[in-house]
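K.L.:
Sequence order for the protein chains is A and B. Just so we're aligned: 210 in my numbering is position 81 of the first sequence, and the numbers increase by one with no gaps anywhere. Just so we're aligned: 583 in my numbering is position 76 of the second sequence, and the numbers increase by one with no gaps anywhere.
Mixed in with the good hints there might be a few duds.
To be verified - Now the stretches of chain A that chain B is said to cover, found in silico as 3 or more residues with beta-carbon under 8 Å:
| no. | segment |
| --- | --- |
| 1 | 155-165 |
| 2 | 228-242 |
| 3 | 245-257 |
In short, the hints are calculated from the structure, not lab data. All of these numbers come straight from a predicted model, not from anything done at the bench. Every residue gets a Cβ at the ideal spot worked out from N, C-alpha and C, and that includes glycine.
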Amino acid sequence: MDYEGPIQDLITELGRLPGIGPKSAQRLAFHLLTVDATDARRLADAITSVKERVRFCEVCFNVSEGPRCRVCRDERRSDEVLCVVEEPRDVVAIERTGEFRGRYHVLGGAISPLDGIGPAQLRVKELLARLSDGAVTEVVIATNTSIEGEATASYLSRQLQPLGVRLTRLAAGLPVGGDLEYADEVTLGRAFAGRTQL
Amino acid sequence: MHVERLELIDFRSYHHAVVDLQPGPQVLVGPNGVGKTNVLEALHVLAAGGSHRVGGDEALVREGAQEAVLRAWTRDREGRGQEVSLALRPGGRNVARVDGAGVPRLRDALGRVRVVLFAPEDLALVRGDPADRRRFLDQLLAQRRPAYHAARQEFERALRQRNALLRQQRLGDPAAQAGLPTWTEAVATTGARLVAARLLACHALADPFAARAAELAGGAPGATPGLAYRLSTDRVEVADGGVQEVDPQGLARELAEGMRERAEEERERATTLVGPHRDELRIDLDGRPARSHASQGEAWTLALALRLAAREVLEEVGEEPVVLLDDVFSELDDGRRARLAAWCGRAEQVVVTAAVEGDVPLGGPRLLVRPGEVQASTGPDEHREARGEGDHGDPGQKERP
Ligand SMILES: [Zn+2]
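When you get a sec, could you build the whole thing from the sequences and use the hints?
P.N.:
Okay, here's the thing in structure tokens:
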């Protein structure tokens, strides 16, 4: 049976979030019903402003508050090495290692025919455009070690090979099938330092 | 290793049952349909994470209960005890514990209880489809090499992705064609890992299979049994106990080449036609498929020999598995019965089920199975246990619920 009015609306909306089942949605909704009005408003504001103020960096497609993200604005970083990742959260994971001083390119996912995602749905065209002026000498492919991440890496290496740029992949040692964000800093840092040429 | 005690809570027909087991042979006796097989099934679930009879877990949980709990107390060859438990929660996540502590992944708990189960359905190993024999190899490898399960999941994921792409290609999506080499490579690489593991298992089975088949046949002159692995590329590798290594990279190249050769056909049928999902473990008699050429007696010998050989392969690493024989003796002629019994006498632990006690030429305790409970044979039945080996009791004496 459904609840009536706003509480059911809230349960429905929460239930549409990834990883939230109907039971969790119900628990969260009734929890929110009991919190202070100010706490509830803070959460609502955070949700609204994330949509209003956060956008994707026009250069690398990382999340950003302005037209260009923090990494792209940082003049101390090298323009010669470009690290290709699936999602903005992977940028955060790699930044935490402190091993990388180049720039990023966020694909926006990995190739997955089952989900209808092919190269055209990813920012591959934009990547090729960034590489066209020859300033980048090394591309580090840091997609996840899942089947889809590996397939994306293999697709990219096929596409980038003709450009003559040095292609590298994070060294073995990362958990297979895993997301970069779940690898601990030391492991990920080591994988970064020991990246191998494709 | 052997299992000292097994506890079933809300598993199949059992509310709560505790079964005490001993090293060596023992027989669960009771009429058909009272739940003897469920006890063996419970041990199989603890060993392999799932039933040998049904795919899902729903059927394993007693009607009206939320979850089933299985718990086994084991003792290894050095005398160390361990408690392994598994809560089956259909629709939720199954939870495993080792010595009372939760383990992060289910597979960390699996393989601690080791079993080899033989059931009447196993005749399908010889008579059934290639899929039945593939499942046999996959289940053996899941116990023998813990990494195999993960490798299989990776392959299946890659296969589903490639098939999705082939379907998009058939629908006329021009981008699908360009994406195919990537997924061909993924299927070839992940598939080759499975093929390599299966080939090694097949080679390892060769000698014990031949030895057990000869032993069960009792030296009667007959056709020579053999094993072979036929790849989806139509190449056949005859099982050879001397082979210790296979080359996964070579296999990956072979699979990728096979997919390129059959590109046309794959495009038409929109499915991947090359890979371990299309391979077959072949059981031969004098080089001909036993599936069609074995007599009923020979088929039983071969199926049983394959299971017994699997036990020897499992034993190569770690602990000796418990042998579970579900109502098998009644299927065999007298000679095979006696020879199987002789083999069982050498195993660390054997649990046998039988409807008719006289069918089992094995000593050891008798456990009476009634609906919902398993009882050590005591009281009025004690004298029967005391009589021991060689006297198999009178089936007419058996208690009925
Ligand atoms: Zn940026």
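K.L.:
Next step is simple, just say for each hint if it's right about the structure.
P.N.:
Status of each hint after checking the structure:
1. 155-165: With 0 residues in contact (Cβ-Cβ under 8 Å with chain B), the coverage given for the segment 155-165 of chain A is violated.
2. 228-242: This one holds; 3 residues, not fewer than the three required, reach chain B with a Cβ under 8 Å.
3. 245-257: Answer holds; 3 residues pass the 8 Å Cβ test.
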